[in-house]
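Number of protein chains: 4
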Amino acid sequence: MFLMVLVLYSSWICPFEFAFLHYLPTTMFLVDNIVNSFFAIDIALTFFVAFVDPKSYLLVDEPKRIAVRYLSTWFIFDACSTFPFQTISFFFSRHGNSLGFKLLSMLRLWRLHRVGSLFARLEKDIRFNYFWTRCAKLFSVTLLAVHFSGCFYYMIADRYPDPKRTWIGAVIPNFREDNLWIRYVTAIYWSITTLTTTGYGDLHAENTGEMLFDIFYMFFNLALTAYLIGNMTNLVVHGTSRTKTFRDTFQAASEFASRNKLPRHVEEQMLSHICLRFKTEELKQQETLDGLPKAIRSSIAECLFYPIVEKVYLFQGASFNLIFQLVTEMQADYFPPKEDVILQNEALTDLYIIVSGQIFIIKGLIIYNLQVQGRLIAGEVFGEIGVLCHIPQPFTIRTTELAQILRLQSAVLFNTIRENRQDATIVMRNLFQVNPIIDQHCLTK
Amino acid sequence: MFLMVLVLYSSWICPFEFAFLHYLPTTMFLVDNIVNSFFAIDIALTFFVAFVDPKSYLLVDEPKRIAVRYLSTWFIFDACSTFPFQTISFFFSRHGNSLGFKLLSMLRLWRLHRVGSLFARLEKDIRFNYFWTRCAKLFSVTLLAVHFSGCFYYMIADRYPDPKRTWIGAVIPNFREDNLWIRYVTAIYWSITTLTTTGYGDLHAENTGEMLFDIFYMFFNLALTAYLIGNMTNLVVHGTSRTKTFRDTFQAASEFASRNKLPRHVEEQMLSHICLRFKTEELKQQETLDGLPKAIRSSIAECLFYPIVEKVYLFQGASFNLIFQLVTEMQADYFPPKEDVILQNEALTDLYIIVSGQIFIIKGLIIYNLQVQGRLIAGEVFGEIGVLCHIPQPFTIRTTELAQILRLQSAVLFNTIRENRQDATIVMRNLFQVNPIIDQHCLTK
Amino acid sequence: MFLMVLVLYSSWICPFEFAFLHYLPTTMFLVDNIVNSFFAIDIALTFFVAFVDPKSYLLVDEPKRIAVRYLSTWFIFDACSTFPFQTISFFFSRHGNSLGFKLLSMLRLWRLHRVGSLFARLEKDIRFNYFWTRCAKLFSVTLLAVHFSGCFYYMIADRYPDPKRTWIGAVIPNFREDNLWIRYVTAIYWSITTLTTTGYGDLHAENTGEMLFDIFYMFFNLALTAYLIGNMTNLVVHGTSRTKTFRDTFQAASEFASRNKLPRHVEEQMLSHICLRFKTEELKQQETLDGLPKAIRSSIAECLFYPIVEKVYLFQGASFNLIFQLVTEMQADYFPPKEDVILQNEALTDLYIIVSGQIFIIKGLIIYNLQVQGRLIAGEVFGEIGVLCHIPQPFTIRTTELAQILRLQSAVLFNTIRENRQDATIVMRNLFQVNPIIDQHCLTK
Amino acid sequence: MFLMVLVLYSSWICPFEFAFLHYLPTTMFLVDNIVNSFFAIDIALTFFVAFVDPKSYLLVDEPKRIAVRYLSTWFIFDACSTFPFQTISFFFSRHGNSLGFKLLSMLRLWRLHRVGSLFARLEKDIRFNYFWTRCAKLFSVTLLAVHFSGCFYYMIADRYPDPKRTWIGAVIPNFREDNLWIRYVTAIYWSITTLTTTGYGDLHAENTGEMLFDIFYMFFNLALTAYLIGNMTNLVVHGTSRTKTFRDTFQAASEFASRNKLPRHVEEQMLSHICLRFKTEELKQQETLDGLPKAIRSSIAECLFYPIVEKVYLFQGASFNLIFQLVTEMQADYFPPKEDVILQNEALTDLYIIVSGQIFIIKGLIIYNLQVQGRLIAGEVFGEIGVLCHIPQPFTIRTTELAQILRLQSAVLFNTIRENRQDATIVMRNLFQVNPIIDQHCLTK
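Protein chains in written order, with full-length UniProt numbering: chain Z, 1 to 445; chain C, 1 to 445; chain X, 1 to 445; chain F, 1 to 445.
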């Protein structure tokens, strides 16, 4: 990170020195050389940093292979961008400001590629917001473009023989005597006016050289502006996609309800379920979990549901194996308040265990008046009689508040129990102890 | 909503006062204080408004927790933006127009964050069109940006010692004597000219301070323009996606038909089916329903199809349970006019019940001349003999007008009937009573 | 379509008359009235045109309901836009050029909504290219915007008391004497310069009224430009999506091959298969077909494959029913030249019938030298012995040229044959007659 | 490729000659004719180049059909663009610079369509980066647009009677005497200033003709800019989609872990698995392979896994057939270091074979302290006892470094073994020889 500050400093100072400073002040010369020495140290260190082989995805830490890889790829650029050309130029010319050596010192801009790779890493780091990381990157690129072209455009004017026939001289005739700040701001002002295509026209190219530079700069601007807009569009599309999906789903459900004249309570259940699903981002998380291998999913299920399931009366005394295998096949769903989980008379295909929230047992057909028969709280199970004894559901089950409920498919339950004989008798004994009445009914079936 | 009007008023008047009014008129001063008092009341009310906990999704209405949450988040900003700095400034300076106090009164712009959260809520509300809500938001942002920068740019010129060397003074030399309206329109004109990057150049920065502000404003404009375009692109892509999907599907079908030289009537059936599916948005609604939990889907199916299915002759006298369980497994499809629902000789896998529309029974192979054998209307069933007796379909069934037809998979029908023995005999008796001839044929099988 | 030309004419002439013509020439007055009368006739006709009810998707042709719907929706606008205000104005003022009546005649622009609905219809018509339809629409909108604002801006200058203080008068002092063409071109030139945000600045607002109009126009331009770019992006994304998908798939396959060092001939088979699949747009068409109801898919399969399958030796003498049911379950695939269809020793799960192209039977393991054993042409079947007698595939089957091959799952084949006892014996007899050697082998199994 | 250079040369020189050169120098005249002759040769060659029929996807090499197709499509354009109008014009006028013949020579621009088809081909070639190919195309289009309009705009000024009233004459009064380079740069400078909508205004239209051209050019620019931005957006969206998907998946997993307070080691396993999956692009490659026909997938599986599987002790001595059939059903997964492959007590559904990497066998429940029981390396198999003897997994299996593991579903294994009786006994004998203890246990089951 400290190196990044140096990179930014040197990439900013480099074109500035190039354009505005005829004679380098001693302080700046010193700072430049100190910065350079830091980069020299960094080059030396690179020979000892392991890298990941892109083919086998393994870490390589052999010094020889590291050296071979570095020397054959970026070493030459790094070395050139650190070599102190300017210091050497003192031995040749008196002022060290000959154009050739100045151009060589522009090689330091190569260092900017480090900033590029920093941003590439930041973009993949979820601790930073993608939108702002990306914006910061684009802003840096724009800022550097404005700075570079401003400096370069000033240099063209500065070296033109007739000051009146330059873009700045046409407005400020004796601009060379003006102080540095005014000249720099004017150059940046022209640069940004051109880059944003505002083009007031108060400062414009006067001679062929300036026109040529302006032509190239405008071509570059066209590409840069398009790139900026493209990136912003990308970010906006990405940022609003959730809201759009939610709206589309909600609207489709709402239209379906109004077109088919569904009763008010069914429509409300539909819409509140959709709202909840989007609020909890259930879909996205479910998709992520589905992509994981089985062992990890089992670990997760064990952590989350084992403590709840082992306390359920049905599995009291059952072996660790049975509960573990059942838990790995369970699915957790959220239900908003006042939603039906099972309807009366439905054919049951799942067993339900309440993780949190409260639930009412309701008797009566949905359309007529309803009668609350009881309530269930976290840790209780429902649907077990229906599933284990093949009886259609005798009650409607409805949530009273936000509830998280585990679901286990009856086919999975049967298969797992069948493979663990001893557990099967334990489970059935538990069932009959708690629900003595259904004992007979169930056995006859 | 009333508060929103006040927010917009205060965010508009605030920079305007700041830039154009040296001495605040008494009426405005009064209005400002009244508006401020409304916001003070609002701050007090916030202490009594419940909020939803972002972790557990539960409503919190304990006054203590509300207070802690508010005091630790936004209270300090709200308080600062409501504190009457300007009134206090009267005690210190005579005119109350010192720059410091004016800057403090800019804190009122903090109130704008309320508009942001209003729009965020509106975007999720399907009663409002997404396109226009989003456009209104972007337009507000642009308008405020233009207003702010116009005011600020005027203030720079107004406070510059030499009026001739300012952006407005270069064009209107004695601009300070001009009336307020002309000065305001000119400032806004410059601001919008720069924001849209038109940049006529008739008004442009003249001194370094103006250039600096212009540089920052143009950077901001670049980002804003990109953001506007990004949003518009997003909206356009979203808005046209249905048409595009329709075109792609239609074209793929059309190309398939022409490449394989399909007969005219088959091609027409294909294309009209695709048109109908897109017109009724069947796909989107089906997807929405598939995402709902089973109990809600059962409720919907019961509301929609129970009254129709219970009147079908096949299920006369059957138990509520049986019909309810069948209904929850049914699927509704739309068929355009003149489309074949079943072809003669096809192996049947579904039972069909007509909800609306009219249908012809046709005998003969498709390629030769056809012969209408009968017609079926809403409430009638077809395919029942084929499914229950395993006979290949003896007739082609073709719609004559737009028809909605329920489909029930034969596997589901068998499973459900098998679990309800008594109903099975009722259903078979109904079948043989209505179709006496097939009795023998079916039994031998 | 004829009406569309009139609409475009009247929407172009309307602001032109408004701005540039103080006294309406007689010819134009006549043409205007003729055009108006056409629209009056169209209004009358609308009362007799049936419409589709948006709820039930049925055509409504009751004159009363049509009238009620039209009168309650668009009639009032249509009537106002056709009412000859200009003709009436002659009775009041002498020249018929009072501003009020001119503004009323702007109501004719309402007619433009017809162009909008025309384009909406064209976009859904696959005979027209989506890209160009959309471009034409956007171009029309831009053209009208440029024309309108050009006319309006000229009118502001024309009515301003001091000609020198207007945008056009500052450049052409006595512009009112110039000919119409020059004035119109100048106005359009200013308009397009502003709309595209070029903003040369040679023509710019001079007084407050012009500035105000310019402010509104630039706001509009911002929205329009964003809308244009959004649309273009949408079209580009849509247009290049196929190429991108192709590249991604191809690259993934290519990388997979090079990373795993797959032999050359396997890689070539992979890549040429992917190329062919994209060239024939197999995927898109398959998706379209999958969305169609079963009866249509059966019709298509019958048209395409029945003539081929009934000639296959295996099904000689089999009933229409059997072949029809098999045909509806078949899938057609394209294979590029030199691709393996089945490998030697593979466990067979499908029966293959060649529709077109030529195929080699090859003996030997893939890695060693191969030996051509025979060839198969269109109408021949392979894999039948393996599927019907459960023998692993004795030969590799490889295409020599582009081949279309039907595939039938063995499970489907068995199920269909089992339900048609008589056909089963015919099929087995055919098999043993042609392949006498395998008779014994197969029966013992 | 050589022809492409000629095409670019002639499309660049053509408008340049047209606008700037009154009298064509002899050298250029010669070069023009040489270039023309190359194109004439190319036309002749086209008659002998085979083409692919767009309907049947077959190569057509009949000379007659090629000729018919070419003559009926593009021949007339190619011929016109190659016909030496300029040479002929010498016979009529003395200088060969009459406007008519110059316009005819503009027909050469037709040749540009070749560049279009070259780019279309390059875009589909994965050896070239899509981003840069597309950028190169857009840059060429922009460059040509700038060149054409610059030349044309200069020509308008050049032919205008009053040099002072032209866009260039207003700035450089005696521009016709200036050297070619200055005039060309100025024209290009104006052109690019307008195209990028910078519009400084130092050069602007002065007469109606110039205004008209400028109007058309600005309309074109609007479309071109929108097209450029659209393309750039498309490229950016395409280029960042992988990073975005990765971030979304990673974030969803991370949020899920923190919300459910998963233990640290489970969260780490989840996240490192997701990282690895994206690094190896597993998903994209898996999707590609799934789209290939079965024979190719079998070939790939054989190349990759046969040498490993045949050395596994379980399949020592088994027939080629058995191993081949098993190999074609195997799936390869990557596991990051320290990830659990199977948990203790899990019900096994797969057999695993290690391709590369090292694996630990761990005893003990995950939550308590663990005990390393052994290690497995490449070529070893695990889970075989559990799968073949139906015993729940006795150990946790965890990777120590990046491992590639083959997975075979137990159902597939049983089916394949059942169909090869002799192999079944070999496999079971191998199993018991290596694991003598489990012999009894397994047999009793």
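No lab work stands behind these hints, which were simulated from the structure alone.
Honestly, I wouldn't trust all of these hints.
Copies of the same chain are indistinguishable here, so a pair counts whether it falls within one copy or spans any two.
[What the hints assert, rightly or not] The list that follows gives simulated cross-link-like pairs (lysine to aspartate or glutamate, DMTMM-like), each with its CA atoms no further than 20 Å apart:
| no. | residue 1 | residue 2 |
| --- | --- | --- |
| 1 | 124 | 255 |
| 2 | 124 | 267 |
| 3 | 137 | 125 |
| 4 | 279 | 125 |
| 5 | 294 | 268 |
| 6 | 244 | 287 |
| 7 | 284 | 248 |
| 8 | 294 | 267 |
| 9 | 279 | 401 |
| 10 | 311 | 267 |
| 11 | 244 | 290 |
| 12 | 244 | 329 |
| 13 | 244 | 123 |
| 14 | 164 | 281 |
| 15 | 261 | 53 |
We went through each hint and held it up to the structure:
{"no.": "1", "hint": "124 <-> 255", "in the structure": "between (40 Å within a copy, 16 Å between copies)"}
{"no.": "2", "hint": "124 <-> 267", "in the structure": "between (41 Å within a copy, 18 Å between copies)"}
{"no.": "3", "hint": "137 <-> 125", "in the structure": "within (14 Å within a copy, 31 Å between copies)"}
{"no.": "4", "hint": "279 <-> 125", "in the structure": "between (24 Å within a copy, 14 Å between copies)"}
{"no.": "5", "hint": "294 <-> 268", "in the structure": "between (37 Å within a copy, 15 Å between copies)"}
{"no.": "6", "hint": "244 <-> 287", "in the structure": "both (19 Å within a copy, 15 Å between copies)"}
{"no.": "7", "hint": "284 <-> 248", "in the structure": "both (16 Å within a copy, 9 Å between copies)"}
{"no.": "8", "hint": "294 <-> 267", "in the structure": "between (37 Å within a copy, 14 Å between copies)"}
{"no.": "9", "hint": "279 <-> 401", "in the structure": "within (16 Å within a copy, 38 Å between copies)"}
{"no.": "10", "hint": "311 <-> 267", "in the structure": "neither (36 Å within a copy, 25 Å between copies)"}
{"no.": "11", "hint": "244 <-> 290", "in the structure": "between (24 Å within a copy, 19 Å between copies)"}
{"no.": "12", "hint": "244 <-> 329", "in the structure": "neither (32 Å within a copy, 30 Å between copies)"}
{"no.": "13", "hint": "244 <-> 123", "in the structure": "between (24 Å within a copy, 9 Å between copies)"}
{"no.": "14", "hint": "164 <-> 281", "in the structure": "neither (65 Å within a copy, 60 Å between copies)"}
{"no.": "15", "hint": "261 <-> 53", "in the structure": "between (62 Å within a copy, 17 Å between copies)"}
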